[in-house]
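In the numbering used here, the protein residues as written are 57 to 171.
Do not rely on the hints blindly, as some may be mistaken.
Label-pair ranges, simulated between beta-carbon atoms [stated by the list, open to error]:
#	residue 1	residue 2	range
1	Ser63	Gly98	36 to 42 Å
2	Val61	Ser86	18 to 24 Å
3	Lys142	Pro83	35 to 41 Å
Below, a list of computed lysine to aspartate or glutamate pairs in the EDC-like style, where the Cα atoms sit at most 20 Å apart [claimed, not checked]:
#	residue 1	residue 2
4	Lys142	Glu102
5	Lys142	Asp117
6	Lys99	Asp117
7	Lys142	Asp128
8	Lys99	Glu144
In case anyone wonders, no lab produced these hints; they're calculated from the structure.
Ideal placement from N, C-alpha and C gives every residue a C-beta, glycine not left out.
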Amino acid sequence: QVQLVESGGGLVQSGGSLRLSCAASGPIFSINTMGWYRQGPGKRRELVATITSGGNTHYADSVKGRFTISRDNAKNTGYLQMNSLKPEDTAVYYCNLATWSNGFWGQGTQVTVSS
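Input sequences plus hints: build the corresponding full structure.
Below, the structure is given as structure tokens:
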């Protein structure tokens with residue numbers, strides 16, 4: 057059973073930075089895509105960024121230039137560096153690991169940006 061555990065969320069002032077981590081464990085297929093999604097209050101869950109096991113990245117327009125996704129394949133850990141945070145970035149952030157046949161979610165970590 058694949059498990060994902062996020063950490064690094066918290067309360068930060070507008071303009072600040074946070075770094076989220078996602079540690080994966082279990083039978084992980086080597087070819088996969090790790091992604092970060094978020095769900096703000098009263099909003100639908102939305103894609104933030106993804107990174108393939110080969111290192112190709114994709115970002116939502118709203119976070120381009122501010123957020124950076126990365127991963128350490130040897131540690132089965134993904135990261136989301138978030139800079140220049142805005143109040144509208146406030147959300148629960150979820151880690152996702154997708155293979156050709158399955159998708160797995162973490163429990164989420166709260167990020168709150170105060171104005």
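Verification of the hints:
The hinted window of 36 to 42 Å between Ser63 and Gly98 is violated, with their beta carbons roughly 25 Å apart. Val61 and Ser86 have their C-beta atoms about 20 Å apart, which keeps the hinted 18 to 24 Å range intact. For Lys142 and Pro83, the hinted distance range of 35 to 41 Å is satisfied, since their beta carbons lie about 38 Å from each other. Distance hint between Lys142 and Glu102 is fulfilled; the C-alpha atoms sit about 16 Å from each other, no more than 20 Å.
The straight-line distance between the Cα atoms of Lys142 and Asp117 is roughly 14 Å, inside the 20 Å bound, and the hint therefore holds. Taking the CA atoms of Lys99 and Asp117, the gap is about 17 Å. The hint holds against a cut of 20 Å. Annotation: proposed proximity of Lys142 to Asp128 is violated, straight-line Cα distance about 27 Å (limit 20 Å). Note on Lys99 and Glu144: the hinted pairing holds, with a Cα-Cα distance of about 11 Å set against a maximum of 20 Å.
In this structure, the earlier hints numbered 1 and 7 are contradicted, and the remaining ones agree with it.
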